[in-house]
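> Given next are the chains, with one letter for each unit.
Protein chains: 2
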Amino acid sequence: MEWKVDRQSNKPLYQQVFDFIEQKISYGEFPLGTLLPSERKLAERLNVNRMTIVHVYDKLHAVGLVERKRGSGTRVSTHKWGVLSKGSTNWRRYVEGSTFLPTYPLIKRIREAAKQLENGFDLASGELSSDLFPSQLLQSSLVDESFPNDLSYEHPQGHLGLRETLSAYVKTNYNIKTTSSSILITSGAQQALYLITQCLLSPGDAVAIESPSYCYSLPLFQSAGLRIFGLPVGPNGINPKDIEDLYHKHQIRMVFLNPTYQNPTGTVLTDTRRKEVIEIAERLGIPIVEDDPFGLLSFKEEKHSPIKSFDYNGNVLYIGSLSKVVASGLRIGWLIGPQSVISRLADARQQMDFGLSIFPQLIANQFLQSADYTTHRKALTQELLDRRNTMISALHEILGEKVSFISPNGGLHIWCKINQKISDEKLVEEGIKNNVLFMPGSVYGFPDGYVRFTYARLEKKHIKDAVLRFSDILSRI
Amino acid sequence: MEWKVDRQSNKPLYQQVFDFIEQKISYGEFPLGTLLPSERKLAERLNVNRMTIVHVYDKLHAVGLVERKRGSGTRVSTHKWGVLSKGSTNWRRYVEGSTFLPTYPLIKRIREAAKQLENGFDLASGELSSDLFPSQLLQSSLVDESFPNDLSYEHPQGHLGLRETLSAYVKTNYNIKTTSSSILITSGAQQALYLITQCLLSPGDAVAIESPSYCYSLPLFQSAGLRIFGLPVGPNGINPKDIEDLYHKHQIRMVFLNPTYQNPTGTVLTDTRRKEVIEIAERLGIPIVEDDPFGLLSFKEEKHSPIKSFDYNGNVLYIGSLSKVVASGLRIGWLIGPQSVISRLADARQQMDFGLSIFPQLIANQFLQSADYTTHRKALTQELLDRRNTMISALHEILGEKVSFISPNGGLHIWCKINQKISDEKLVEEGIKNNVLFMPGSVYGFPDGYVRFTYARLEKKHIKDAVLRFSDILSRI
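Going line by line, the protein sequences match chains D and U. Sequential numbering from 1 applies to the first sequence in the UniProt record's numbering. Sequential numbering from 1 applies to the second sequence in the UniProt record's numbering.
Bear in mind the hints are in silico, worked out from the structure with no lab data behind them. Errors might be hidden in some of the hints.
[Stated by the list, open to error] Under the rule of at most 20 Å between Cα atoms (straight-line distance), these lysine to any residue pairs were calculated in the SDA-like manner:
1) U:LYS108 to D:LYS115
2) U:LYS177 to D:GLN16
3) U:LYS460 to D:SER152
4) D:LYS115 to U:SER181
5) U:LYS115 to D:GLU164
6) D:LYS177 to U:LYS115
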């Protein structure tokens, strides 16, 4: 609920809340039978005294807008203003009937807390802080001559100009060779993953993902009815042999990997292992989905060539994105793969949303071609390195032996093991209460006692305080 | 295939084509075993002599890049450069295994012809012509102060400012009362429909749609496993009684309507019937999905209040869009409904694409609030009226008794019955051959012998010639 009471208004608070709920009911936004939040919860959400809400609910009841039944809370009345309503859709049946699973409650809880956070520390959201987004540069990239005249529907695979720019971009930056007709522009990496799980796999199919993996945090794998098997991640990434084992044991049909600065562990799959992965995929004929959002955010001179760059036979679907390198709100990602696959997924995407808006595609296209982009990326990587260093010093200094971690050589995250027995849920709740947010290991499919800290979303000057705050709650539990 | 031969180049044509295919193979875009197009087809597509392609395929075969088997065409060789390849994913199994259905071949054929059309007449694409898009006005709406600094992920329901603007916009223009928390910004109407069919319905559910209806042209209903029943559309729209009958016979769980300037018939559901629809929906407790992309494109003074404006109990999910009023490439639509439904669909959408880009949302928000928008809409409606009139005169003058139609009072389309026995597919193929494109009735679930003409996509001066061309092919069949 985004609505807030207006404390400057002459209208009493209870009247404001009453009018708000009455409006929701009369507009059909709270249809007949809708369960209203409990008095305590609504008071908390609107940050008013509970007695105010008690007063509001009493008045709603007196005018006949709500019904109360012991044990089942307050519901919008099926009689409205004294007249028996003809009826209404049982929306709950529709909302709960679908096989499409909702976001995990714990993740939802953290995301909502992040939206409401004021004067707190967000070590949870896996994105850059606002000051790192190149807004000015993006704006100047949308110059007069690039503003489109033809605003018709785009090509199903996305704007041709951007696809051509990207085919040069992945060649220069990743040594991936491809042409524009094998690229699909997507709404970030998320849409690429959604298309793959929905359109290339069927319910009951077995797939392999890293363990831990951000993939566990995406209910879309479960929604698609896939059976998931884990590939344990060590300091050098997964063990390619494990793919072969899973293939023989469970007939896995696809492997999802995030080999460079893996989310959440920050580890890198070695080059030798990358080549082994390709060799196994070719031999067994199972495709690899390589998600590579952090590849360019490297703190070292050496670059890691994506698995895709060793893929001469089209076994790898490669996912790239500008979300972590430019801005998450731009919503530009891409998928590279065999032409028949790309064209099939482009057709499916047309049916889902009829393609991306032309505007972010043009902005991305201009920006990637400008000299500003390189400048931006260098500055960004330097700043992320500074933040990582600050975070690591703070962890050593403040938490010492209480946590263990491997310092990541790139990306946005540090993966910490907490060296004491602890309940993830309790830790998160305590964190929310004390305005310090982080991601518990359980959302990545790991047992309790691990935490992912994002050092990219907090300005450097706040990082030490954030770790202090975390240390506080840890010692209190 | 977007690639073209370069006729200015010194490199012989056959060498260009050879290099192109060799590149595709070596990049893995045509993986091992990929079936290449027949010599005739590829020659047609690249607009070169068939002998050129014969020469190319011979050479590809000679160097061992392709294999030929009598009756099964030319395939990428499993031996590459003489070395037996380790193997490759059988992508066909993945691409064809999914329950997600591809676009209907006839529609795909017409869309592809529309993309390649030069010096022809596009009466098929259901969108405005490029000259009608307010590019200049949109550009000036993206002024300095509106350019965002914070490019983080947006609220799952979309940009709050735009949702607030829309809640005022639908009040003024449609007499729909709602608040920002009951609005979901979508990628056009298409995404709203996709979310509804995927997340509120289950395979096997029965739904009612108009007959004819553009819904038949969307495989997404079939992909979601829905059973579809038709509500016949007369000059005054559907008969509400039919909803009740379908409910009793087939337990329909949802009704999809496009009551104003219906696509494809152009008809309007009368106000009396709209109220009957609401009454029936309330009594039976079945939700109505009201798609309203053309409501504002009215050639008469009178306005048609959406069904949603009579919906006080939250039985209607209302879909709006800027695709037909501003620009299809902007990709801004919205869904209005009970808060619990909107919040559920917003959560599902996060899993599909993590939300829309901030840029089209800001551009739409600025534009809808500017005086330019009203000016644009008035000019647009006047121009569409001119085009409709031109089209109707041409139809009368040139085709006379050969076709029957009702003149639409708004929207983009004229629905014509052809008064002779005819095969839709033949008519379309003859049209493509002669560079005049239109949509046959069969794609809207109707028997052969109907055609939808879009008068909005062609400039006025070309409309008469388009009808002449159509008349030519009609008399030839």
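> Quick one: which hint numbers does this structure break? Sort them smallest to largest.
As far as the earlier hints go, 1 and 6 are violated by this structure, in ascending order.
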